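The listed protein sequences correspond, in order, to chains G and Y. Just so we're aligned, residue 0 is where the first sequence starts under numbering that gives the first Met the number 0, counting upward by one. Just so we're aligned, residue 0 is where the second sequence starts under numbering that gives the first Met the number 0, counting upward by one.
Because the hints were derived from the structure by calculation, they are not lab data. Computed from a predicted structure; not experimentally measured. Heads up, some of the hints might be wrong.
[Claimed, not checked] Calculated lysine-lysine pairs in the DSBU-like style (CA-CA distance at most 30 Å, straight line):
(1) G:Lys283 <-> Y:Lys48
(2) G:Lys294 <-> Y:Lys324
(3) G:Lys283 <-> Y:Lys327
(4) Y:Lys1 <-> G:Lys283
[Stated by the list, open to error] Derived Cβ-Cβ restraints for the label pairs, each shown as a range:
(5) G:Asp262 <-> Y:Ala57: 28 to 34 Å
(6) G:Asn266 <-> Y:Gly141: 55 to 61 Å
(7) Y:Lys283 <-> G:Lys1: 42 to 48 Å
Built from N, CA and C at the ideal position, the CB exists for glycine as well.
2 protein chains.
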Amino acid sequence: MKKNVLIIGGGGVAQVVAHKCAQNNDLFGNIHIASRTVAKCDAIVESIKSKGALKIPAEIATHSLDGTDVEATKSLIRAGEIAIVINVGAPFINMSVLQACIETGAAYIDTAIHEDPLKICETPPWYGNYEWQRRELCKEAGITAILGAGFDPGVVNAYAKLAVDDYFDRVDSIDIIDVNAGSHGRYFATNFDPETNFREFTGRVWSWQNREWTKNKMFEIRREWDLPVVGVRPTYLTGHDEIHSLSRNLDVPDIRFWMGFGDHYVNVFTVLNTLGLLSEQPVKTAEGLEVVPLKVVKAILPDPSSLAPDYEGKTCIGDLVKGEKDGKPREVFIYNVADHKEAYEEVGSQGISYTAGVPAAAAAMLIATGEWDVKVMANVEELPPRPFLDLLGRIGLPTRVREGDVDQAL
Amino acid sequence: MKKNVLIIGGGGVAQVVAHKCAQNNDLFGNIHIASRTVAKCDAIVESIKSKGALKIPAEIATHSLDGTDVEATKSLIRAGEIAIVINVGAPFINMSVLQACIETGAAYIDTAIHEDPLKICETPPWYGNYEWQRRELCKEAGITAILGAGFDPGVVNAYAKLAVDDYFDRVDSIDIIDVNAGSHGRYFATNFDPETNFREFTGRVWSWQNREWTKNKMFEIRREWDLPVVGVRPTYLTGHDEIHSLSRNLDVPDIRFWMGFGDHYVNVFTVLNTLGLLSEQPVKTAEGLEVVPLKVVKAILPDPSSLAPDYEGKTCIGDLVKGEKDGKPREVFIYNVADHKEAYEEVGSQGISYTAGVPAAAAAMLIATGEWDVKVMANVEELPPRPFLDLLGRIGLPTRVREGDVDQAL
């Protein structure tokens, strides 16, 4: 029997996942989409229908669901006979959705690490605080749970594994570089929910250096890279999910993450942050009104979903890997370039959502074919990278490898 | 009988006016201080007592007063047998306090133009919209009403009149330059109430050029000046009160006002303003709370009165006047330099409040001596400048004149 899929989430990434599942639904049974606001799920279904995205006829159902409610999630999984759950909701629901999968036998996929809404930037490794504590439970129950199967984390973990397996005898460093060289034409906007977005940058920055956790401040360390297609771009050392699994699963002394930010973004962020306008702690106005400044900032910034139609330009995300092969130093950059406008035309979302959503759909396809149906919890670098990267090449995110003057498809 | 004085206001400028009236109270009778929050007035009296500021023994009384309430203001004037009212409250109470003076026969002094809280930057000349409409009434009642008797407007108007009378046969241009080269040591703060402060910079900029009103945007026109003591400083063409009377009362084709802003101030202001965080229009948060962004910004910025103890450095404010004398081109810069720390040590306020408050007290002293008790409404340039500038020199704001390589006391 073909496997039914449940997508949890109603934002831009859910839209991409739903479109990609629909485009490849000869591998799946029915598609279900659930989110707190069912109207968002209905809009995704409308978009799929208007683009004629379904490869073969199938049912698509929408549901209202609070992903923190384990019993409600279990009921939905059972009622829909769901075999694969793709969780692309807020980062606060991972643990409850995972629990529902363990108790019902469904496979689980997510694209970002679990977060406690009351804590910003916990101690490393982040997976050890939440997901990995269910590792044994998954093994006992024979549950396939693929953690962090977006682009970063996700595809960049597969790039790292590929480099270690096929390109090097010894890897000395992996620098993951994420540059969005696109433009939304607004003075300032975040690419996803400002509250979630700013949480990434107001805490500590953890990196893995000399086989140790190293702590920095955000925007403390800047480095420019000369990248394919998008050219020379400034980036900053940033804390990010994938370092927390790669540092454990691969034998590499230096693993760092670099996020691209233009000077304008850094300036606006710094002004808001230094003044205290990104604070989650309420302040009182002269008139006695209690207000959380960050919520006011969110209210005056553009709605991220409104950016997609005007988004232009490209993203470039990849792994710069250095080490040794056959006794000689070697350096390769394994990467993908995606285009905002092409993404919008294909699935109605901008490139940031596209690069996060397509890999999650690919992971579901590989569970459906059995290639990644491993019956345990796994981060992406613990799974064979070639089937994943080959599939991504066919469904919209081709991998390229640059080495010296040679730049070619994988 | 010596004239009793009523100071309306409880902020930093009121504190300076009260101290200066106390230091020179051989010219006055009793001193009264009134503001909406009487505790602020009591704190001013405490400060006067702790510094032993009173020159001769006298009563100082405090009162709670809403300056928009004409009847309450008249009652207070009558009860205290007030001869001179010094209005240094919010810019919204000028017209009501002036009305109370006209009806009771008290002399009136203020330091800034009347503003309607619902209007930002009205059409020029600003005095024509409000104060000058009572000019005839003052004349009929024999009321001395001195408008804009702070530093700018105020002292700079006297500098302009002095230049026209004593230094030139023909004046071609007056550039009023206001630079605060002091530092409060905070990341960002306004020197007085953020709401009032930002109102100056979010509207149009009016200047008088080629004998016509000219319109620009704030931060559109930048000019650097090499000033005494504080050196080379960036300034921006800014709309300001004094242009609106000088353009009518003096025969000068170009009158401009330049406010000094560091790049950091301009940057923070631009970010906040462009994002919409300085807006007086309420926005709604995702949770449905209605909030005025400007009031949240005010809540997170430092209280301006908290800056005084740490304020260091100097202000330089003056008139650069160009024209002709005895058939030859002439250029003079008439100016004052004030020191934040000295101001704080003398009267407990920073230099911005000091330069605004001392001239208002001086105007009251000149009314008490009769030199400025003109029994009509007048802007400062309509009054003899020498007694005013001589007195200011004796009580803390000496005038200097720079011409070519010569820089000397007036």
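Hints versus structure:
1. G:Lys283 <-> Y:Lys48: Distance of about 34 Å is beyond 30 Å: violated.
2. G:Lys294 <-> Y:Lys324: violated (62 Å)
3. G:Lys283 <-> Y:Lys327: Between Lys283 (chain G) and Lys327 (chain Y) the Cα gap is close to 61 Å, so the pair fails against 30 Å, i.e. violated.
4. Y:Lys1 <-> G:Lys283: Status violated; Cα separation ~46 Å.
5. G:Asp262 <-> Y:Ala57: 28 to 34 Å: violated (59 Å)
6. G:Asn266 <-> Y:Gly141: 55 to 61 Å: The hinted range 55 to 61 Å holds for Asn266 (chain G) and Gly141 (chain Y), with Cβ atoms some 58 Å apart.
7. Y:Lys283 <-> G:Lys1: 42 to 48 Å: Given range 42 to 48 Å: holds, Cβ gap about 45 Å.
Checked against the numbered hints listed earlier, the structure breaks hints 1, 2, 3, 4 and 5; every other hint is satisfied.
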